[in-house]
Amino acid sequence: MTSAPRQVELRFNPVEIDRKWQERWANDNLYHVDDNDSRPKWYDLTMYPYPSGDLHIGHWYAMAPSDCHARFRRMQGYNVLHPIGFDAFGLPAENAAISRGIHPYGWTMSNIENMREQLRSIGAIYDWDREVICCLPEYYRWNQWFFLKFLEHGLAYRAKAPVVWCPSCQTVLANEQVLNGSCERCNAVVTRRDLEQWFLRITDYADELLDFSGLLDWPEKILMMQRNWIGRSEGVEISFDISHVGLEEKEIRTFTTRIDTIFGVTFMVLAPEHPLIAQLTTDEQREQVEAYVNQARQTSEIERLSTEKEKTGVPLGAYAVNRLSGELVPIYTADYVLTTYGTGAVMGVPAHDERDYMFARKYGLPVRMVIAPLDWDGKEPAEAHTGLGFMTNSGKYDGMTDDEGKAAIADDVEKSGWGHRTTSYRLRDWLISRQRYWGTPIPVVYCDGCGAVPLPEDQLPVLLPEDAEFKPTGESPLVEHEAFRNTICPRCGGPALRETDTMDTFVDSSWYMLRYTGPKYEEGAFDPDVLKHWLPVDQYTGGAEHAVMHLLYSRFFIKAMRDIGMVDFDEPFLRLFNQGVILGSDHEKMSKSRGNVVNPDDVVGIMGADAVRCFLMFIGPWDQGGPWSDVGINGVARWLNRVWALVERNPDDLATGQADAQAVRETIRVLHQTMRKCHGDLDRFKFNTAIASLMELVNHMSKVWAEATVGPATWRECIEKFLLMLAPIAPHISEELWEKTGHPYSIHQQSYPEWDEDLAADETITLVVQVNGRVRDRIEVPANIDESTANELALASEKVQPYTEGKVVDKAIYVPGRLVNVVVV
RNA sequence: GCCGAAGUGGCGGAAUGGUAGACGCGCCGGUCUCAAAAACCGGUGGGAGCAAUCCCGUGUCGGUUCGAGUCCGACCUUCGGCACCA
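Each step along the first sequence adds one to the number in our numbering, with nothing skipped, and position 302 is 302.
Hints in this document: simulated from the structure, not taken from any laboratory. Incorrect hints may have been included.
[Said to hold, decoys possible] The calculated DSBU-like cross-link candidates involving lysine-lysine, where the alpha carbons are at most 35 Å apart (straight line), are:
| no. | residue 1 | residue 2 |
| --- | --- | --- |
| 1 | Lys160 | Lys471 |
| 2 | Lys471 | Lys20 |
| 3 | Lys250 | Lys149 |
| 4 | Lys396 | Lys250 |
| 5 | Lys686 | Lys703 |
| 6 | Lys221 | Lys686 |
| 7 | Lys532 | Lys471 |
| 8 | Lys20 | Lys740 |
| 9 | Lys221 | Lys589 |
| 10 | Lys686 | Lys740 |
| 11 | Lys149 | Lys221 |
| 12 | Lys20 | Lys811 |
| 13 | Lys41 | Lys592 |
| 14 | Lys592 | Lys221 |
| 15 | Lys20 | Lys41 |
| 16 | Lys20 | Lys221 |
| 17 | Lys703 | Lys740 |
| 18 | Lys686 | Lys589 |
| 19 | Lys160 | Lys311 |
| 20 | Lys149 | Lys41 |
| 21 | Lys379 | Lys309 |
| 22 | Lys379 | Lys396 |
| 23 | Lys396 | Lys415 |
| 24 | Lys221 | Lys309 |
| 25 | Lys309 | Lys160 |
| 26 | Lys471 | Lys149 |
Please construct the entire structure, taking both the sequences and the accompanying hints into account.
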């Protein structure tokens, strides 16, 4: 554990000041947010934390700057909603229950209790009356309600599907929760299982989710990740004829983005899970095929999806007819074809697809060029040609470009009824079932007579029973809970069994931003009128790790809700900002094993909340993150100390000095320039440069105090405006100093100071004089200098003369307010 | 492999195509002190020079421009994302 030793002797007791004002603000309800306030609303949302038990410095890095922004908006005259809550369902609580014998509820709620206190120490403007805790029935009953609504509108369904299984967490996972074939939570290599599970139809919204036009300002990086994740490809679904085999199924459907290569098909491949495999396999091949399919099932996803792996497969013994060429091609099964994409079957075109090429070479299948590059020598290629070219060996399409061929063949395929143009997506439907205890029960019962029956709304919430065995068995612990499981069918009144799986916790976070508008509202998930007032969220901030999970799911949720008629907007979060990651002082990711973890409580206990806030914002650009520094924080502590000393001075001491009109104007100018700078920087989350400009102002004030060149009135104005600018950044010390300078409580109810463009304007500028782009002189000139005077001055400069002597001055380039560049030849 | 983002002093980082290194850390020198810490003042990219001043300098190599850290092209490195997606 690293605790920063205080190397700066503070003139004030930060801990006492923190406590004093936090208590006062809480007692006065200063941060109560009124839905009916007449000021324009601003919804500034920070991603809510998981109640892990301890607020670490990374939480501070997410919370403190966003609070600064919310405070800034508040001082700008907005009615700001900047709420906080806890993402309280999920595996860690259950794992704690298993390993330590504590109930997940108790573990979670005591963690929340602790984190509330820690969050209060940040000094944020959270309205605690709006706190949202997802694991409480008053919240999760609405998860169940949303589920029923989605079910009612065909957006939820149950299906048996090969799903991703984490053998360590003993539950299925959504595709989004798999990273490189491993569970994103525990890193275990995932496998697949065939299970009946509940899905939400996010794929219905694939195209709309690709449309980012409703977003005002999102990082390009996140949009790109969502685009990649959705993975839209346009192509043609075309079927191959198998009617000669004599099965009920007369064709095999495949999807291709390269219909122009259809004449190059020399084989077909079905995924090992493809439903037609058993029927198409001939007796001679059966043993081999079954062995292969079984092996593929047992292979881990990480192995199966490895691009390094050699292509393997076995022939089924059956053949299919390529309807365009009339050719008969052998059908294989191979695990490089995924059951989850397209139709689970592909046409093998070795000449124009790298994977098909490798496969064909291995099994001695013909490679036929049908798209000829300009320099083709007519021979069989040494590798797949995936680029452009002219069609060849393709009957009547010969001579067309690949693009022309694509269009022509697609037209013909559609005309003959063999297939149609279509779009395929990488995105899968969202699997929300989890075989775990600590989540929202899915409100469905299974009845022998009626099947799967959704519970009527008036039977909500389905309460999660407190007494359950948490041992992960691969089935939900609720399976063992007889009292929970056995129920009656709401439709026929007969005996029925409850669904024992619980919901993915990303369901909770898909709509929590709506619940903040009225967390105690009992008539529904939200009060429609209040929701209308606050939503959508104006500014969302949080980590980029949620790009294709939470941020995609909640976009889907809102669009689905809109189509159901619950809301009338399209996007939940208009603007998104991703803060970076705070690293240890060794520039490495913080971890207990590295011993570089910073405990914020320790630092706050010594330096105070404001120093920590300031330092985190001063490190660098917020979106870049950066290393913590035990010595670096002394810099801002020292600065706050100087601020304190400066404000404590008696302005009347300046009354005896000789105020200098020039110095007064200069000081006022610096003040107004600082106001302009802070305004722009806080608006754009550039906290580091905002603080730097405040430091410059303080440096300037120290100087004029020492020189006693300004009077008390100027001094007081500067101090007052300075404190207002400091208020969103360092709320405690600025409130204390606001009080000490005789201002009425509270500084946080004041307006952010506005600058005057005339007062901020420079009177003189440093005119840079360059010769051929190299700086040769700097001249102080009036800011309103005209071009010809500037040029004259530049050419007359003694330092310029040696460079122009004996040369021809070609031209002089004048950049107003900046420089003259003399070009000589 | 594909797609992004980024490379600036000893360190964190500033710089609408126009004075590179704001602000801070650290370091050096000074004041104060018996001494130290703290505080305050001054200095601090590299090189040459007593100095004025000059030269070099934003990952590398080219280009555009009167002028490039910034724009363009290629490459190198680092980080992030996707990756048998037919």
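Structure-based check of each hint:
no.	hint	verdict
1	Lys160 x Lys471	holds (25 Å)
2	Lys471 x Lys20	violated (47 Å)
3	Lys250 x Lys149	violated (38 Å)
4	Lys396 x Lys250	holds (27 Å)
5	Lys686 x Lys703	holds (26 Å)
6	Lys221 x Lys686	holds (19 Å)
7	Lys532 x Lys471	violated (44 Å)
8	Lys20 x Lys740	holds (14 Å)
9	Lys221 x Lys589	holds (21 Å)
10	Lys686 x Lys740	holds (29 Å)
11	Lys149 x Lys221	holds (33 Å)
12	Lys20 x Lys811	violated (66 Å)
13	Lys41 x Lys592	violated (42 Å)
14	Lys592 x Lys221	holds (30 Å)
15	Lys20 x Lys41	holds (29 Å)
16	Lys20 x Lys221	violated (42 Å)
17	Lys703 x Lys740	holds (23 Å)
18	Lys686 x Lys589	holds (23 Å)
19	Lys160 x Lys311	holds (28 Å)
20	Lys149 x Lys41	holds (30 Å)
21	Lys379 x Lys309	holds (28 Å)
22	Lys379 x Lys396	holds (21 Å)
23	Lys396 x Lys415	holds (16 Å)
24	Lys221 x Lys309	holds (30 Å)
25	Lys309 x Lys160	holds (29 Å)
26	Lys471 x Lys149	holds (32 Å)
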